[in-house]
Amino acid sequence: MPRLDKRAGDVLIWFLLLTAPYWLPAAGSYVELGTRVVVYALAVTALNFLLGYTGVLSFGHAAYFGLGAYGTALTIKYLIPSTPAGMLVGIVVGTAAAAVIGPMIVRLRGVYFAMCTIAFGQVFYFIAFQWFSLTNGDDGVSAWHRMPLDLGFTSIDILNNSTAFYYFALIMFAICAAAMAFLLRSPFGHTLVAIRENERRARFLGIPVDRHIWMSWVISCFFVSIAGTLFALMNNFVDPRALRWDQSGNFVIMAVLGGMRSFWGPLIGSAIFLVLQDYISSHTENWMSFIGLFFVLIVLFFPRGVLGIMRRRPLS
Amino acid sequence: MTQLLLFNVFNGLIIGAFYALMALGLSLILNLSGVINFAHGGFLAIGGYLAYTLQPYLGFWGALLASPFLVALIGIAIERVLIRPLYGRDPLYGLLLTFGLAFMIEDGTRFIWGAQSLPYQIPGWLAAPLSSEYFFLTGYRVFMMILVAAAVLGLFVILNHTRLGLRIRAGTLDLETVSVLGVNVRVLRSLNFGLGIYLAGLAGVLAVGMLGLQPTIGDNLIMPSFIAIIVGGLGSLPGTLAGGILIGVVSGVTTVFLPSASEAVMYVMMAAVLIVRPRGLLGEEGRF
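For the protein sequence lines, the chains are A and B, in the order given.
In terms of this note's numbering, the first sequence is residues 1 to 316.
In terms of this note's numbering, the second sequence is residues 1 to 288.
Bound-form chain A, shown alone (with noise of 0.2 Å):
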């Protein structure tokens, strides 16, 4: 396969993603794919930089993105109906829950960390499922809708015009993934990747290991909280779906689909995901099936993903 240049793929990437609202619909699809697309991205994205840059395995993400979206919903519902309130609210909501959390589980590795950061995971899938008088249970916060951008001079209507509202996604989503870019090449971005190919000469080195991983997981669970918030505002909707375990494991398999190693890898992924879901689902009620069907088939099949296979570089 054809080896892509860097350069020439980032501005493809993004000359797809800016020009997507008006190639969207002429491909068949529509505006609110693409924003969904972008939204599972970044959280994808973020989930990346924990089990990509610094190879630690988290199956509980979901509960971040779903305090990220809870907080923003209820925010709006009950307390300020202000956008940016609700996102600030989610986003402290959800990485203050990482933060605590965190400590409790940096000091496990492999298939321990994984089961723990499961198992926290559900904690708060059964919070929201149970405080019934806050979250409404099962049934979810319903009856709020995301408000219009108020900018001063000027207003930005995300309410009723989902391309508007695609962009504003996007707009976080490259700020966000900027922002990850950023910390990855620097000096600590090289010790998380440091940690994640050899964990042992790492400490030998001197590098606080457990800190740079506690680090690395507050950081991670940051950028999926604001992905979590875009996620309520886009639905004008939250459930405890949001933040169940099979959530975190369509994070993780978009992750792998697309290129574990590769910084787009987790955008290619959620892209080819979601698009199928969405195929497969209105096609199908036995979807669960071949949703479960795909899993296996990418783990036996096509372990690198999309991009590693694209770069043909030996799986670790």
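No lab work stands behind these hints, which were simulated from the structure alone.
Keep in mind that this is a model prediction, so the values were computed, not measured.
Incorrect hints may appear among the rest.
Claimed, not checked - Cβ pair distances, simulated, as ranges: (1) B:Leu65 with A:Glu285: 29 to 39 Å; (2) B:Asn220 with A:His283: 28 to 38 Å; (3) B:Leu13 with A:Phe132: 21 to 31 Å; (4) A:Asn198 with B:Glu284: 21 to 31 Å; (5) B:Asn220 with A:Glu199: 29 to 39 Å; (6) A:Ala26 with B:Ala115: 32 to 42 Å.
Glycine included, every Cβ here is placed at the ideal spot set by N, Cα and C.
Starting from the known structure of chain A, fit chain B onto it as the hints suggest.
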């Protein structure tokens, strides 16, 4: 009050026994193969549904005996085809594969047996309460406790007093050496996987007698089983057993005082264990 407390303690014991049965199977597979079997709840559901289908032909006892064996055979077949290629690879892949498998099994059971819950017949003399004062002590519940205890006992006898058990325990510590000593590791892993799945199938048959059949029946048991393993200590089967029963009873007692927290209390226990003793109650130092 005492009766309510007793009722919930007993209930917690039963639920805890289920958690333990599930968690022991998960632990066996995890220890030897390094795979977290997300589909374990799915195998439990298959166990229940197969028993439901077999019951008209084999009767209650026949179904109870046959169903877990069939589930174990299905498990071994799946291990051979799907899970074997993943050994030695990043644990991520095992998780994702069994995760997809869990989806397929849940959807498959829904497709074959329908989404609505089905009743499961147990013999009348087992369903009756043993005492009028302690109404909750039905014969079936006591019977379940005895059977779970027998299964756990049987498992520990296999592990401690047979050649297979010796190899499983040795393989848990150092699979490479076991392989070098001439043991067929592939077969060992298959049998071990089958043993773990057998326990899930048995839990399934027993659970449907109490809870009835529905495709998602395994979902509610899988997370507590994870917690049981974490609380009990990774790599320690007695720890897993203790962890399962402990969280069951604590959650049962919590139901008396604060019903809405009965789920949350398990997670609180897990957090407490991870802070105070990250290796778990009976786990070995430095294993993970």
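Verification of the hints:
At roughly 35 Å, the beta-carbon separation of Leu65 of chain B and Glu285 of chain A lies within the given 29 to 39 Å, and the hint holds. Look at Asn220 of chain B against His283 of chain A: about 30 Å separates their beta carbons, and that is inside 28 to 38 Å. Between Leu13 of chain B and Phe132 of chain A the Cβ separation comes to about 29 Å, which falls inside the hinted range of 21 to 31 Å. Separated by about 24 Å at the C-beta atoms, Asn198 of chain A and Glu284 of chain B satisfy the suggested range of 21 to 31 Å.
Range check, Asn220 of chain B to Glu199 of chain A: Cβ separation about 36 Å, and the 29 to 39 Å hint holds. Taking the beta carbon of each, Ala26 of chain A and Ala115 of chain B are about 39 Å apart, inside 32 to 42 Å as hinted.
Going through the hint list in order, the structure satisfies each hint without exception.
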